[in-house]
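Top to bottom, those sequences are chains A and B.
Heads up: the first sequence begins at 195 in this note's numbering, then just goes up one per residue.
Heads up: the second sequence begins at 20 in this note's numbering, then just goes up one per residue.
None of these hints come from the bench; they were simulated from the model.
Please note that a few of the clues may not be correct.
Just a sample of chain B residues kept apart from chain A, beta carbon distances all over 10 Å, derived [to be verified]:
1) PHE58
2) LEU86
3) PRO138
4) THR162
5) MET167
6) ILE183
7) SER203
8) LEU238
Here chain A is said to cover these stretches of chain B; the calculated rule only asks that three of the stretch's residues, wherever they fall, bring their Cβ under 8 Å from a Cβ of chain A [claimed, not checked]:
9) 47-57
10) 125-137
11) 145-159
12) 247-254
Facing chain A, according to a computed beta carbon distance under 7 Å, are these residues of chain B, among others [said to hold, decoys possible]:
13) PHE62
14) LYS229
15) ALA241
16) VAL268
If you're wondering where the values come from, they're calculated on a predicted model, not measured in any experiment.
For glycine and all other residues, C-beta sits at the position ideal for the given N, C-alpha and C.
Residues per chain are reported as follows:
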Amino acid sequence: MVAAADSDGPLAGKGRAVTVRAPVAHFRKPSVLPGFGLTLGFTLSYLSIIVLVPLAALIVRSSGLGWSGFWSAVTTPRVLAAFEVSFGLSFAAALTNAVFGFLVAWVLVRYDFPGKRLVDALVDLPFALPTAVAGIALSALYAPNGWLGKPLNELLGLKVAFTPLGIAIALTFIGLPFVVRTVQPILQDLPPEEEEAAASLGASRLQTFGSVILPAILPALVTGFALSFARGVGEYGSVIFIAGNMPGLTEILPLLIVIKLEQYDYAGAAAVGTAMLGVSFVMLLILNLLQQWMRSRHAR
Amino acid sequence: MPADTSVTAPASIAVPPAQSALTEPAWVRILLIGGALLFLALFLLLPLVAVFAEALRRGLGAYWAALTEPDAVAAIELTLIVAAISVPANLLFGVAASWCVAKFDFRGKNLLITLIDLPFSVSPVISGLIYVLLFGMNGLFGTYLRDMGVQIIFAVPGLVLATIFVTFPFVARELIPLMQEQGSDEEEAALVLGASGWQTFWRVTIPNIKWGLLYGVLLCNARAMGEFGAVSVVSGHIRGETNTMPLHVEILYNEYNFVAAFAVASLLAMLALVTLVVKTALEWRFGDELAASRH
C-alpha cells in the first residue's frame, strides 16, 4: 500500500483535526474510530478462555505438588535424561541449522541460479508439512532398509533411525526455515557501501565477510538459532516416529508428558510441562540478552 | 520498505565482472550453491518425495482403497469439521484483535501483543495437556462435567479447543503489522464523511486487508488440518470417532500398514503443497499488501 502511505500527508491535516491529542493520562488515547470497547473486550475474553486460563491451570496443577513434590517429580533419572535428550539434541540441530540455514539464505540472496524462486518457496515446507507426515517420511528414509538408512549403514556403519542422530535430523528438518527466514531479510537489506569500502581499502573477500558481513548478520543468526532451538525442544510429531523412544536414551520431553498423561499421572505431567516451559523461557531470555549485547557492540 | 527491496534485489543477484571485488570467485559460488541445494534436496525434498513414493508402492488401487476405507473417510471428515470451526473462530479473533491493537493506542498494548503470540512458543503437547488438566477426568472441572454429561476430552470439543490454541496467533500476527503500517487515516476520512462504523469497516478496512487476511487464514488452516501433538493428547485415539487425519496416519503407521499410512499422509502433503503454492503466489502478486513479505 504505497498509496496509503502517500496519502498520509494531505489527509493528516483534515482527519487528525478531529482527534486532538490531549495530554491526559488516560487508559487510551482518544480516537474518532469506533469499536474499541467491543474489540478489546472480545480479544481479552477470547485470549483468557483459550490461552490464559488453561495455561494458569498448568501452573496451578503443578504447584499443587508443593515445592518438594515438584522437585522430586522433575528430577527422577528418567525425566532428567529426557531433559538432556530434548535440550541437547535441539541445541545440536539448531547449530546445524545456523550453519546450513545461513548458507541457504546467503545463496538465495547473493547468487543467481535456475529455479531459485522454487527453492525459495521450498524452504517453507517444514512450516507447511504436518509434523506427523514429516515424521513417518523421515523414519522411512532413514530406517535400516530405507533410501538413506541403507547406504549410510552399509557404507559408514551409521545407524540413524531409532538413535539420537535420528532425532537430531528430524529437529534439523523442523527448524531450518526459522534460520533462513530470519537471516534472509537482513542479508537482503545490508547496504553494499560497507562492503565496497572494505574492498577498496584492500580487504580480501574473506576479511570483508569476517569483519563486515558476519557482525551485521550475527544478531539475526542468533535469533534464528534461538527460534529453531525453542521449536526443537517442544517438537513432538516429527520426532516420535524416528526416535525409537527408549527411556533414558531416545525419549524426548514431550513424549514423557504424553506417557505420564496416559498413566493418569496428571500432576507429574503438569510438573514436567511447567519445568520445560521454565527452562525454555530462561534459555530464550539468555539468548535475548546475548543478542542485545551483540547489537550494542556492533553499533558501537 | 517493499519498494526498497525490489530495487536492491536484482542488483545483488546479477554479478557484473566489474564488481568482482564484491563477490566470490566463480568456483566458490558454484560450490556454495551446490552445497545449499544438496542440503535442501536431502533434508527437504527427499522426505516429500518419499511420502508419495511409499504411498504408491503397491499401485493406485491400493492407494485408492486406503483412502476410501471407512476409518480414513471418517478421519478426513473430522479433520474438515475441526478446521471448519477453529479457523473461522481464529479469523474473527484475529480481525477483532488487530482492529483494537492497530487502530488504538492504549496501555499494556505490547503485553497484549506478546500474549497473543504466546501459543507459538508453547510445545504442542503442552497445548493439549492444559485442556486435559482442565476438562479431563481428573481435571479441575472433570467431575462437574461428568455429572453434567458433557464430554470435552476424548471428544470433538477437545480437538477443536486444542486446534484453536495452536493456530491462535496466525491471523492476528499477519493483520496487526499490516494494519499498523496502513494507519487509520482512510478510516478516519470515511467516518468524517459520514460513514457508520460498520460501513467503514466493510468498505474501507476489509478491502485494504483482504490479501493479508487470506494469507493468515491459509497458514491457520494448514496448521489446523495438520496439527498432531496437541490433538494427539486430547483425542483418545478412538478409530472412526476422534481420529483426525494426522492421528490416523500414526495409527496406521504403528500397525505397520505403511501404504495406507503414507496414502493418508500424501493427502496432507498435497495440502501443504497447495498451501505453499498459494502462499508463494500471494507473496509474488500482492507482496506489498502482506505484512509477512515486508522486511
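Results for each hint:
Not every CB of chain A lies more than 10 Å from the CB of PHE58 (chain B), the least distance being 5 Å, so the non-interface label is violated. Distance check for LEU86 (chain B) against chain A: the nearest CB is about 15 Å away, which clears 10 Å, and the non-interface claim stands. With a closest Cβ-Cβ approach of about 6 Å to chain A, PRO138 (chain B) is found to fall inside the 10 Å limit, against its non-interface label. With a closest Cβ-Cβ approach of about 13 Å to chain A, THR162 (chain B) is found to remain outside the 10 Å limit, as its non-interface label requires.
With 10 Å as the threshold on Cβ separation, the claim that MET167 (chain B) sits away from chain A holds: the shortest Cβ distance comes to roughly 18 Å. For ILE183 (chain B), the condition that its CB be more than 10 Å from all CB atoms of chain A is violated, with the nearest at approximately 6 Å. Annotated as non-interface, SER203 (chain B) brings its C-beta within 10 Å of a C-beta of chain A; the closest such distance is 6 Å. Residue-level check failed: LEU238 (chain B) sits 8 Å from the nearest beta carbon of chain A, not beyond 10 Å.
Interface restraint, the segment 47-57 of chain B with chain A: holds (6 residues with C-beta to C-beta distance below 8 Å; minimum three). Against chain A, the segment 125-137 of chain B contributes 6 residues with a C-beta closer than 8 Å to a partner C-beta. That satisfies the three-residue criterion, and the hint holds. For the segment 145-159 of chain B, the assignment as covered by chain A holds, since 12 residues bring a beta-carbon within under 8 Å of that chain's beta-carbons and 3 suffice. Coverage of the segment 247-254 of chain B by chain A holds in this model, with 4 residues showing a Cβ closer than 8 Å to a Cβ of that chain against a need of three.
The closest approach between the C-beta of PHE62 (chain B) and any C-beta of chain A is roughly 6 Å, which is under the 7 Å cut-off, so the hint is satisfied. Annotation: LYS229 (chain B) was flagged as interfacial toward chain A, and the flag is violated, the nearest CB pair being 12 Å apart, outside 7 Å. For ALA241 (chain B), the suggested interface contact is upheld, since its CB lies about 5 Å from the closest CB of chain A, less than 7 Å. Hint status for VAL268 (chain B) relative to chain A: holds, with the closest Cβ pair at about 5 Å, below 7 Å.
Violated hints, listed in ascending order, are 1, 3, 6, 7, 8 and 14; each of the other numbered hints is respected by the structure.
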